[in-house]
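Enquirer: Below are the chains, spelled out letter by letter.
Number of protein chains: 2
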Amino acid sequence: MNLSIAHLGPSGNYSEQAALFYVNWLTKTCENQAILCPYPSIAQSLKAVVQGKAMQAIVPAENSIEGSVTMTMDTMWQLDSLRIELALIMPIVHVLISCASSLDTIQTVYSHPQALAQCQGWLESFLPSVQLIPTNSTTEVLERLEIDSCAAAISSQRAAQLYNLPILAAGINDHPDNCTRFWVVRGNTSQDFQFVSNKKHTSLAFSLRANKPGALVKALEIFAALNVNMSRIESRPTKRSLGEYLFFIDIEADASNQIIQSALQELSTYTEVLKIFGSYDAVSTRDIS
Amino acid sequence: MNLSIAHLGPSGNYSEQAALFYVNWLTKTCENQAILCPYPSIAQSLKAVVQGKAMQAIVPAENSIEGSVTMTMDTMWQLDSLRIELALIMPIVHVLISCASSLDTIQTVYSHPQALAQCQGWLESFLPSVQLIPTNSTTEVLERLEIDSCAAAISSQRAAQLYNLPILAAGINDHPDNCTRFWVVRGNTSQDFQFVSNKKHTSLAFSLRANKPGALVKALEIFAALNVNMSRIESRPTKRSLGEYLFFIDIEADASNQIIQSALQELSTYTEVLKIFGSYDAVSTRDIS
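Residue numbers (the working numbering), protein chains in the order written: chain A, 21 to 309; chain B, 21 to 309.
Extracted from the complex, chain A is given alone in its bound form (with noise of 0.2 Å):
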């Protein structure tokens, strides 16, 4: 069967290498055969799976430097109808690809302003004296680096591959346990939560009824209660009226539990809207590899 997998492009950024690693261990483990399918933004990944476009996408989520990639969380919270089955965590290793012979001859670092702010101390330590520009193609920049040899680009390491170009530097940035955590999401269907899966994560957001004291407490007073622990708690703006959030939560267990069932449904009884995003397991690429 031929599955075909949404991701934000262009070709050489992380989420393309992210669903270069799901789809090898996809072949690896089963029959299935992928194509991917790279979408120009992150909403436009997800929508091709509602639309039917795509029947997985597979998005950034978190990075542990920057946080929540809130166009993710606002896109889950928009689209109805999308499970995640699966977290990938895969380590970002930023790379300062160029023509140039050596670090002292190159003038100007370009890249995606989170990427500079990445390598800000590498960059400060190796390349004092040059100019950083933040742009927001590194794919266009990439092209303009062989004719410029004073030019550099920070970017990842499939991006040079695929560019054909020189790598200078490798794993510059100053942190090095950086890493990425992706989700690849599927169609909702029927079936969900019929059956007991006893998977790590669920996900999931809501918006309160009132906007009282203590109403968010009271809601994860809930799993506090039974022990279950709460990895990841973010607020989104309903983009409603400034002070007005939503809030996205993981807990460690499985939403078909019979008592995580109970739980969601006294949650449900303070929130205004309550979506589960689904119960999966987390691997990292570095075990699938």
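It is worth saying that the hints were derived from the structure and are not from the lab.
Where chains are identical, the list cannot tell them apart; a pair therefore holds if satisfied intra-copy or between any two copies.
Simulated crosslink set (DSS-like; lysine-lysine; CA at most 27 Å straight-line):
#, residue 1, residue 2
1, 220, 238
2, 220, 48
3, 73, 48
4, 295, 238
Once you have looked at the hints, place chain B on chain A.
Expert: Then chain B, alone, in the frame of chain A:
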């Protein structure tokens, strides 16, 4: 007395606009004259205060659509001896700037990715076939508009005035209630919290001693038990490892209040590091202009 106020540059952006509101208000309410000092980043604006180069900084804390400004949160956590003095709430009104004679002749629209996202609906309705180009420097684009009458930029009304460029459409953001909360921040003094100040809001952040089930809930219950409303909760990665968080919390109370003082004392038994960023009131630019 001359007061120097650091803010994110360049001229024409919303941080400068907020700083101008604040300065005008200061001039009206007291004898202080103030000068604005633009800095290339939010982090550098805050560092300028710590280093004594500026007396105050005005930084964006939260937008009603985009949520928390993570750079502000992360820098407030990293730097010691900063104190929030005031919250300033300012409506964000995006305008379309172009030398085109009408909307029909526009082929490309440049802006910061967040501004493009915030005007997505308007752009789809009124300029469905233009090319949208995300850019980090709107200033650079504004300089280009005069020679390219097929191009447009989304920016602030003030940017149009500064560059003497025509506004083709105003208030084009999809959410009319789009507003940003800025913080006016100054250096810490030893006198803080010695006097009861009766301010409405207190911002604080903490890391927890242990990532145990219910640890966060226990910390939050302290305020809930006192009937103190928590108006915001935000988690940020500790940047040590994926799944370890700091929590940023706003409560509707003054930290100099004796009951809150003992609540904070109790909170500190659960926290590894606890930072109080100050107690302050909030004003709207609509009320002070």
